[in-house]
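One line per chain: the protein sequences are A and B, in this order.
Residues 137 to 637 (this note's numbering) make up the first sequence, in order.
Residues 29 to 334 (this note's numbering) make up the second sequence, in order.
No wet-lab data here; the hints were simulated from the structure.
Just so we're clear, the structure is a prediction, and the values are computed from it rather than from any experiment.
Please note that a few of the clues may not be correct.
Just the calculated beta-carbon pair ranges, DEER-fashion [unchecked claim]:
1. A:328 with B:84: 27 to 37 Å
2. A:246 with B:173: 43 to 53 Å
3. A:481 with B:54: 33 to 43 Å
4. A:493 with B:135: 55 to 65 Å
5. A:342 with B:319: 39 to 49 Å
6. B:100 with A:481: 57 to 67 Å
7. B:173 with A:568: 49 to 59 Å
8. A:568 with B:84: 26 to 36 Å
9. A:328 with B:182: 27 to 37 Å
10. A:254 with B:87: 54 to 64 Å
11. A:497 with B:244: 54 to 64 Å
12. B:29 with A:308: 51 to 61 Å
Just so you know, even glycine gets a beta-carbon here, dropped at the ideal spot from N, CA and C.
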Amino acid sequence: MLIVFLAVSFFFFLASEPIFAEDADELIIGQTDCPMKLDPVYWGASHTYSVINNMFDTLVKFDEEGEISPNLAVDWEMVEEGRWRFELRDDVVFHNGEKFNSESVKFTIETILDPHDPGEPSASHDMLKPGVLGAEIVDEYTVDIITVEGFGMLLPYLSHDIFMIPANHYEEVGYEEFRSNPVGTGPYEFVSWDIDEEVVLRENENFWNDQPQFEKVIYKVIPEDGTRLSELRTGGINIMSDVPPALINQIEEEDGIRIESVPGYRVMFMKLDYAKTPTDSKYFRKALNYAVDKEGIAESLFAGHAEPISQAALEGFTGYNADISPYPYDPDKAQELLEKADYDGEEVVVEGPSDTFLIPQDILETVAAYLRAVGINARVASYPWGTSLDRLLESEAGQLYYNGYANANYDVETILTRIIHSDAMWSLIDNSELDELIEELNYTPGIEERQEIGAKAMEVMHNDAAWLYLFQQPVLSAVSDGIEFTPHAFESYSARDASRR
Amino acid sequence: MRRYIIRRVIFCFLIVVGVSILIFAILPLTGDPINIMLPPGASEEVREALIAHHGFDEPMINRFFIFIRNAFLRGDFGYSFHYRAPALPLVLSRFPATLELSAFSIIISALISFPAGILSAIRRNSLADNIVRVFVFIGQGAPTFWTGLILIMIFSVRLRIFPVSGRSGLLSLVLPSLTIAFFISAMFTRMIRSSMLEVLSKDYIRTARSKGLFEKTVIYKHALRNALIPVITTMGIIFALLLGGSVVVETVFAWPGIGRLLVSAIHNRDFPVIQANIFVFAICFVFINLFVDLLFGYIDPRIKYN
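Isolated chain A, as found in the complex (with noise of 0.2 Å):
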């Protein structure tokens, strides 16, 4: 009996629908994984950037259309070559009540250039260090940064990677206590961190800038899709990150729940192996990038939300060449390449990491499937990250390398310093005309010049069919009724781009 009782309430209660908790004043984020760090000297990857765009403000921002505007930094001019003087706002503090001024910026820069931590890598030192030489003093909210001549990436990088940070306290507690008390200008403040488990920030009531919209910021770790999905229906948490594209459908057919997303800056392409047969013939990479439809991927796998690309840079970029559409999709153009680079039916790898992008095994086993439809003997290989990482640096991994890498400097001098160039130490291309272009591009100053050496330097890589190209890889969020939202195409998810409905 009682079991029978047991059933008939279940089954009643199955047929129910879920009831929404608020807490009006608390915005409540549910991440994959947890932040590396909390200091910004050394970020790395999205999850960790996401908290500290919370808590940090950087000297100048970009707007909606792209441009550079003022943030912590009102007014900025080169007075002379390699010379930058920023003026500042007079009215910042710390979230410890410290004055913001040219100390914290020239503390800051120096900081970077000179990291006080010797064992933990920091990208932001690797942008600076190659161009920046150091900041001086002019007055109170007066500063100079000195760059070498023709440093043409300050003002991006100042833009989104470099983060202020607060000189006597920093000097006074040391990096390792800074670390687990970060102290910033931003909107919200440091509360406590339990690594892997959850971050708690509040709202700084002393705010320069609008006043922040949550009394209350909390971001969770909560790695598994169904137990993320699961908390938002309960109003556990308000906002969702990496959404499977699997529950796309699915959740924009819930009531309470939808899909925000926003084509990323992670660019997602295949590496070609220059120095492997038969990728190293500019024809055999034609013909990849003509047999696979990218619109296809975007549709069937994306449910529409990916964007194919047709170069490295994206649109809005320094260095985005308006005149390139991405390679159609041409099984009999691919063929007759193929015969022209006299493909013979070697084996042809197509490798990639198991995990850390979105549905990789998916893309892999998609991409090989259309070579193979138009001939090639394709076969996959994936291995987890680390393993991956090690094959391609070893030069042991296939001959198409699925990979993708996020720039969110409006510029396109990253992407290529870092992953195309030839020296570099994730690069598979050898093109010593785009090499060339590279180096020029890193001591042009003029954003004129730079963004006509950049779109040559896209066009090159067109021609030479450097990439398979594939599609930006969407940031896709799931976010309760109660909250706007739109997460940043830098796949961070910033509780400053969130407000309540």
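Using the hints provided, position chain B relative to the given structure of chain A.
Here is chain B on its own, set in the frame of chain A:
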């Protein structure tokens, strides 16, 4: 007896040291941790500086002695490559969560499996027995991943009784423990059932019955106590294994235990955290085993240690 215990304790320490050394030797074979630490496009200089800082350019034998000295004389397992926090404290901070989960799971599974196993044994081949055996079958066959998600769907999303995930008090402990318990109680039920059946067929049980004792006394006072001996010891061992962290359950329920920490450390090639994790687990495992052996000797008067 005291000498036996002291000898065992010494062996425990030797085992822990031995396991740690073995892991230390094997880890470099899993791959290069430096590559993973570097941001994409990092230069050779950065790479070399990092290698030098972590001492990876030193000969293996030097690194080995440094490790032994730091780990066993100073309790210092170094800094996590990934989080840059001290490795052993990081692992220890996660340990209470796993301890809670393991303890609760064992308790719940005892509450389920004891009655089920006993019922099944004394009413052998009845409807009750068959129901229990189906339950055992499902419990051992259903993947914990699936069980966990189903429990969340029913009890968290639909019924709103328990939180979906995370460690936030007693209520949040129920579903993850139930998931683990569902799996292990299947095993315990079978054990109790077969142990009971074996004991119930013994001569002294027949003697007890022919003496005219109440059936309840026969079962609980005479049969059960003897039947439980192997079961208790197995439970101890299972508890020790659970302390290694139930990775699947910890992932599904976002439970901040050491199992999930270990898996992500392996994924990130975070050698210090892996070492610290294995060290903690090894200590728990060998000492709980020792405790269970001594308990066994205490309960069963036939066993003598000397």
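Structure-based check of each hint:
Between residue 328 of chain A and residue 84 of chain B the Cβ separation comes to about 34 Å, which falls inside the hinted range of 27 to 37 Å. Residue 246 of chain A and residue 173 of chain B have their C-beta atoms about 49 Å apart, which keeps the hinted 43 to 53 Å range intact. Remark: the range hint 33 to 43 Å for residue 481 of chain A to residue 54 of chain B is upheld by a beta-carbon distance near 41 Å. With their beta carbons about 42 Å apart, residue 493 of chain A and residue 135 of chain B fall outside the hinted range of 55 to 65 Å.
Here the CB-CB span from residue 342 of chain A to residue 319 of chain B is close to 55 Å, at odds with the stated 39 to 49 Å. At roughly 58 Å, the beta-carbon separation of residue 100 of chain B and residue 481 of chain A lies within the given 57 to 67 Å, and the hint holds. Taking the beta carbon of each, residue 173 of chain B and residue 568 of chain A are about 52 Å apart, inside 49 to 59 Å as hinted. A beta carbon spacing of about 34 Å between residue 568 of chain A and residue 84 of chain B agrees with the range 26 to 36 Å that was offered as a hint.
A hinted range of 27 to 37 Å for the beta carbons of residue 328 of chain A and residue 182 of chain B is consistent with their spacing of about 32 Å. Roughly 21 Å separates the CB atoms of residue 254 of chain A and residue 87 of chain B, a value that falls outside the hinted 54 to 64 Å. In this structure the supplied range 54 to 64 Å holds for residue 497 of chain A paired with residue 244 of chain B, their Cβ-Cβ distance being about 59 Å. In this structure the supplied range 51 to 61 Å holds for residue 29 of chain B paired with residue 308 of chain A, their Cβ-Cβ distance being about 57 Å.
Violated hints, in rising order: 4, 5, 10; the structure is consistent with all others.
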